[in-house]
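Asker: Here's the letter readout for the chains.
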Amino acid sequence: MRAQLSYRTSFAADVLANVGIGLGEFATIYVVFSRTSELGGLTVWQAALVFALANVAFSLADLVVGHVDTLPTLVRTGTLDAFLLRPLPVLAQLATSDVALRRVGRVLVAALVFAVAWPRADVPFDGRAVALLAVAVAGGAAIFSAVFVVAGSLQFWLLDGREAVNSITYGGSNAAQYPASLYSGPLRWLFCYVVPAAFVAYLPVLALLGEPGPAGLPAWLGWCSPLAAAVLWAVALLLWRGGVRHYTGSGS
Amino acid sequence: MSPYPALVAAGFRRWSTYRAATAAGALTNSVFGAIKAAVLVGTVTSAGASVAGYDPLQAATFAWTTQAFLAPVSVFADDELARRVRTGDIAVDLARPVDPQLAGWATDLGRAAYQLLPRGVPPLVLGALLTGLAVPASPLPYVLGVVSLVVGVSVSFAARWIVNLTAFWLTEVRGVLLLYTVLATTLTGLSIPVAWFPPWMATLAHSTPFPSMLQTPVDVVLGRAAGLGALRLLGVQLVWLAVLLGAGRLLLAVGARRLVVQGG
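So the protein lines, in turn, are chains A and B.
Using the UniProt record's numbering, the letters of the first sequence map in sequence onto residues 1 to 252.
Using the UniProt record's numbering, the letters of the second sequence map in sequence onto residues 1 to 264.
It is worth saying that the hints were derived from the structure and are not from the lab.
Please note that a few of the clues may not be correct.
To be verified - Taking CB as the label site, the calculated pair distances span:
#, chain 1, residue 1, chain 2, residue 2, range
1, A, VAL104, B, THR208, 24 to 30 angstroms
2, A, ARG76, B, PRO5, 32 to 38 angstroms
3, B, LEU57, A, VAL244, 57 to 63 angstroms
4, B, LEU228, A, SER34, 27 to 33 angstroms
5, B, ARG13, A, THR70, 25 to 31 angstroms
6, A, SER37, B, SER16, 32 to 38 angstroms
7, B, VAL98, A, SER34, 58 to 64 angstroms
For every residue, glycine included, the Cβ atom is placed at its ideal position computed from N, Cα and C.
With the sequences and hints as input, model every part of the structure.
Answerer: Shown next, in the form of structure tokens:
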């Protein structure tokens, strides 16, 4: 972490670029709502809440474990072998090897959108809302962290497949930014139950509003993101252990 | 004999060796296409029957087609050339008997030609299955579309070349590349059609080369721009191509002189 702060100009450019990513993603929402006043049953500000919540959760997860998807590079350079020799869990070493502070830029944009949207979204501000938000942010960040670990683990088997796992990490993040009511058929199934992206932001916002969701997604599910995260983490840890066992060294 | 056709072939061959990565990329393009199609169709549906001349089916078709062209056009910047500048390998390129910019362009066209089918077909097939596609029935849009796509790839190459050359002056280009990718994602029309932008954003987009990379080829191949309209867009593309290639040459010349100073 200190290494990142010592190159101030470069660090500032990185943070700015990450602010840019956040703004770029927000541009889509902005354009959509210049054309319509509601999307998937939510108003502008309610949808902005979904966007912000999804972004906060994703960037927090990305900050801590986002680099787990660089696994193929670690394998190629032999760094993973060094991790395996140390008497610490490999996953913990990997997570702490690079906390990408530059990604706070994205958290900032999301927090700003959130602060602007909250008073306008017609949401009661009370203890229940605050509790729900805390649950949603913690649960959402845990869900995306688990998704990153799943994606990382899969690469023990698919060393050339970094782009394929992007469809569940970045794809999941992208899907979480919009009301899940927009998705139908296999897509809804994928982003509710396989990669539980809907639990990160859409369902908590529905619960905040006290509105029933679309068929098959009752609003009380909005409280269940930690549960979804726990299930996913169990899968992620199993896969990770399987992956480490499967791994036979870089051969160098 | 000109070495450039051989470089196109080399670009094609080099990329064709990454089979698993290509399949992985096609999967990701398709998943993002599905999300984008859902969002765009949702927008059109809640806005009434159409947005800026797009009905739901056309909006979905737009989503799938941009995802199909994303890899050939290479909307996202890579840092291959910037690394060569940083390590000094660029000196080797300058010493070769081929023009570095034309060589890079030829290789990039080869890459795009390889990626067109394996990265382009899967999102379109998924689109045809999930939402259906609104495609023109006459052959002319496809012919013009291929021309426009080749120019679009070239404009994108010329722009990425310039962005990479900033490495002569900046030691760390990651921030610049990321910023370029963010701008490109929005202004090429990748995330949402440029025609949907509010006026100020549309003006901003049209004063950059970005729409010439992706939005124009997609508009031409889907027949949204036909006849004179299509030819006018092609003209705009060619102007941007000339401007960017010229600026790139200038930048390389200036940068190369700097390189000699550093190395001397």
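Asker: Looking at the structure, which of the earlier hints fail to hold?
Answerer: 3, 6, 7
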